[in-house]
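Visitor: Single-letter residue listing:
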Amino acid sequence: MTVFYIVIQQIVNGLILGSFYSLIALGYSMVYGIIKLLNFAHGDIYMVGAFVGYGALGIFGSVLGVGWLGIAVALLISMFLVGLLGMLVHRLAYQPLINKQAPRMSLLITAVGVSFTLFNGVMVLTNGEYKTFSTSLGYEGISLGLVNITYTQIIMVVATAILMLALYWFINRTMYGKAMRAIALDQDACRLMGINVTKTISLTFFVGSALAAAAGVMAGVYYGSIQFYMGFVIGLKAFTAAVIGGIGSIPGAMIGGLVLGLLETAGTQLPFIGSAWKDVFSFGILILLLVFKPTGIFGKSEIERM
Amino acid sequence: MSENALVLRNLETYYGKIHALKGVSLEVPRGKIVTLLGSNGAGKSTTLKTISGLIQASSGTIEFYGKNISREKAHNIVSMGLIHVPEGRRIFKDLTVKENLELGGFTLKDEALRRKGIEHVFEVFPRLKDRQRQSGGTLSGGEQQMLAIGRAMMTEPKLLLLDEPSMGLAPLIVQDIMRIIKQLNDEGTTILLVEQNAKIALKLADYGYVLETGELVMEGDSAKLREDERIIKAYLGE
Ligand SMILES: Nc1ncnc2c1ncn2[C@@H]1O[C@H](COP(=O)(O)OP(=O)(O)OP(=O)(O)O)[C@@H](O)[C@H]1O
Ligand SMILES: [Mg+2]
Numbered sequence: 014m015t016v017f018y019i020v021i022q023q024i025v026n027g028l029i030l031g032s033f034y035s036l037i038a039l040g041y042s043m044v045y046g047i048i049k050l051l052n053f054a055h056g057d058i059y060m061v062g063a064f065v066g067y068g069a070l071g072i073f074g075s076v077l078g079v080g081w082l083g084i085a086v087a088l089l090i091s092m093f094l095v096g097l098l099g100m101l102v103h104r105l106a107y108q109p110l111i112n113k114q115a116p117r118m119s120l121l122i123t124a125v126g127v128s129f130t131l132f133n134g135v136m137v138l139t140n141g142e143y144k145t146f147s148t149s150l151g152y153e154g155i156s157l158g159l160v161n162i163t164y165t166q167i168i169m170v171v172a173t174a175i176l177m178l179a180l181y182w183f184i185n186r187t188m189y190g191k192a193m194r195a196i197a198l199d200q201d202a203c204r205l206m207g208i209n210v211t212k213t214i215s216l217t218f219f220v221g222s223a224l225a226a227a228a229g230v231m232a233g234v235y236y237g238s239i240q241f242y243m244g245f246v247i248g249l250k251a252f253t254a255a256v257i258g259g260i261g262s263i264p265g266a267m268i269g270g271l272v273l274g275l276l277e278t279a280g281t282q283l284p285f286i287g288s289a290w291k292d293v294f295s296f297g298i299l300i301l302l303l304v305f306k307p308t309g310i311f312g313k314s315e316i317e318r319m
Numbered sequence: 221m222s223e224n225a226l227v228l229r230n231l232e233t234y235y236g237k238i239h240a241l242k243g244v245s246l247e248v249p250r251g252k253i254v255t256l257l258g259s260n261g262a263g264k265s266t267t268l269k270t271i272s273g274l275i276q277a278s279s280g281t282i283e284f285y286g287k288n289i290s291r292e293k294a295h296n297i298v299s300m301g302l303i304h305v306p307e308g309r310r311i312f313k314d315l316t317v318k319e320n321l322e323l324g325g326f327t328l329k330d331e332a333l334r335r336k337g338i339e340h341v342f343e344v345f346p347r348l349k350d351r352q353r354q355s356g357g358t359l360s361g362g363e364q365q366m367l368a369i370g371r372a373m374m375t376e377p378k379l380l381l382l383d384e385p386s387m388g389l390a391p392l393i394v395q396d397i398m399r400i401i402k403q404l405n406d407e408g409t410t411i412l413l414v415e416q417n418a419k420i421a422l423k424l425a426d427y428g429y430v431l432e433t434g435e436l437v438m439e440g441d442s443a444k445l446r447e448d449e450r451i452i453k454a455y456l457g458e
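Residue numbers (our numbering), protein chains in the order written: chain L, 14 to 319; chain U, 221 to 458.
Keep in mind that a hint or two might mislead.
Heads up, simulated SDA-like pairs for lysine to any residue below, C-alpha to C-alpha not over 20 Å straight-line [said to hold, decoys possible]:
#1 LYS293(U) with PRO109(L)
#2 LYS113(L) with ILE238(U)
#3 LYS329(U) with PRO109(L)
Please keep in mind that the hints were generated in silico from the structure rather than gathered at the bench.
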């Protein structure tokens with residue numbers, strides 16, 4: 014019976030972790046789908062999102078409190094501002110190279126440069142210190158036998174689900190969402206439909222960055238502290254999640270994140286692995302996947318040299 | 221005096237060092253069908269891509285109903301009512317037939333206009349209606365061409381550029397497509413038709429131009445061109 018409870022508890026933990034991975038993986042996958050760029054700065058966008066949320070909670074928390082209302086407002090503010098930051102990065106760093114039809118490798122190296130800029134920028138601004146995300150959320154929740162699920166956990170999973178449904182609606186039901194999917198297929202044909210391709214790519218950066226920012230704020234709230242290098246490993250994990258789902262695929266990124274979260278949490282429960290080895294476990298999965306099913310769960314077989 | 225929908229003056233276009241258009245000048249009068257003929261690599265597609273703004277001319281002017289559009293961006297040109305159906309149809313293969321049509325109406329102001337446009341396309345091409353939920357890539361070549369033309373009809377264009385609509389299609393389907401082009405023209409759409417199949421193009425068009433390695437070498441009324449020795453030898457077979 015205890016084993017059963019442990020499994021359920023770990024599934025809950027895995028879903029939370031997976032939600033963060035999914036939200037970040039979406040931005041990775043959308044940007045890859047539309048301009049074939051592995052945006053290595055995306056993990057740092059998530060990190061900036063956490064700090065903007067922290068700042069917003071500091072400002073509005075005094076008025077709205079540091080409970081769910083204050084957090085929700087901080088989350089929305091962070092999503093909006095970091096979305097704009099994503100657009101700015103696209104306009105300043107990537108679009109000039111796209112205009113010049115620069116080789117894809119140049120874009121990739123620029124992304125690494127953007128990553129360093131954000132990472133070091135925040136390091137300097139925060140003196141490299143940890144910041145404590147103090148909220149008034151407690152540990153109350155539902156207990157089912159030995160399984161404890163806090164309200165915080167439930168709300169995070171629900172919030173992630175809402176964001177994903179909103180994204181799904183946007184991509185499938187709005188003209189700009191359809192334009193995004195079309196641009197991933199054929200940019201010139203899109204121009205001939207009257208679509209402003211640059212503007213639509215910019216919008217993609219906004220959406221992807223806003224989702225990463227949401228994950229950043231939620232992670233800050235959930236784990237309680239943030240620091241300037243928090244985006245590095247999780248960025249790579251989200252990339253792994255995107256690859257598991259099939260990079261470029263939106264449902265793939267959603268599922269890939271959850272699968273990775275669950276696998277990783279399960280892995281820490283295996284004898285001889287334990288939590289110290291969880292990163293090795295995740296990247297081991299990535300390597301195995303790249304060997305046996307390089308296109309991921311939802312990916313198309315398109316041979317791509319990077 | 222009929223008004224011109226399109227006037228090209230001394231258009232020059234390069235791909236890097238390749239000089240693809242070497243001073244092309246032509247006119248498309250409003251309400252007419254004009255055809256641009258030429259063999260492989262003559263520069264027909266390049267001419268259309270330059271007009272629709274996919275590539276920039278290095279010199280020369282493009283006048284669309286009197287307005288110089290040679291420096292406009294492609295998506296703005298579409299909003300003005302100049303629609304280009306590219307070579308090879310370029311259907312969005314992973315999107316449904318309906319979504320393809322909706323994107324054809326991207327510049328329309330609201331959903332109601334888009335719905336009306338789709339209904340009109342389905343009247344003209346009932347086969348597309350049956351397949352509206354299928355992805356574009358599953359359509360046959362002929363159906364894809366219908367979808368490509370349908371997509372262009374969504375906005376009621378003032379000028380339609382068609383690049384080899386007959387390419388790779390069975391003769392019966394070609395006849396279908398040509399009938400639709402004629403019908404569009406009868407409804408008032410001005411058309412610039414690029415073809416390698418000179419026989420069908422000259423049957424449809426009012427006037428024709430012949431392009432060879434980036435230069436116009438001949439022009440005239442379709443009836444005249446059909447009788448021209450050189451045309452018969454080079455493009456009409458026998
Ligand atoms: N993207 C490109 N880069 C470099 N050269 C190109 C490009 N596109 C076309 N060309 C060259 O420009 C010239 C004209 O090509 P274009 O496609 O306009 O010919 P076309 O008349 O449409 O031929 P076809 O009947 O085969 O479609 C050709 O010599 C071609 O090789
Ligand atoms: Mg061509």
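Visitor: Are the hints correct? Go through all of them and say.
Guide: Here's how the hints hold up against the structure:
| no. | hint | in the structure |
| --- | --- | --- |
| 1 | LYS293(U) with PRO109(L) | holds, 16 Å |
| 2 | LYS113(L) with ILE238(U) | holds, 18 Å |
| 3 | LYS329(U) with PRO109(L) | violated, 30 Å |
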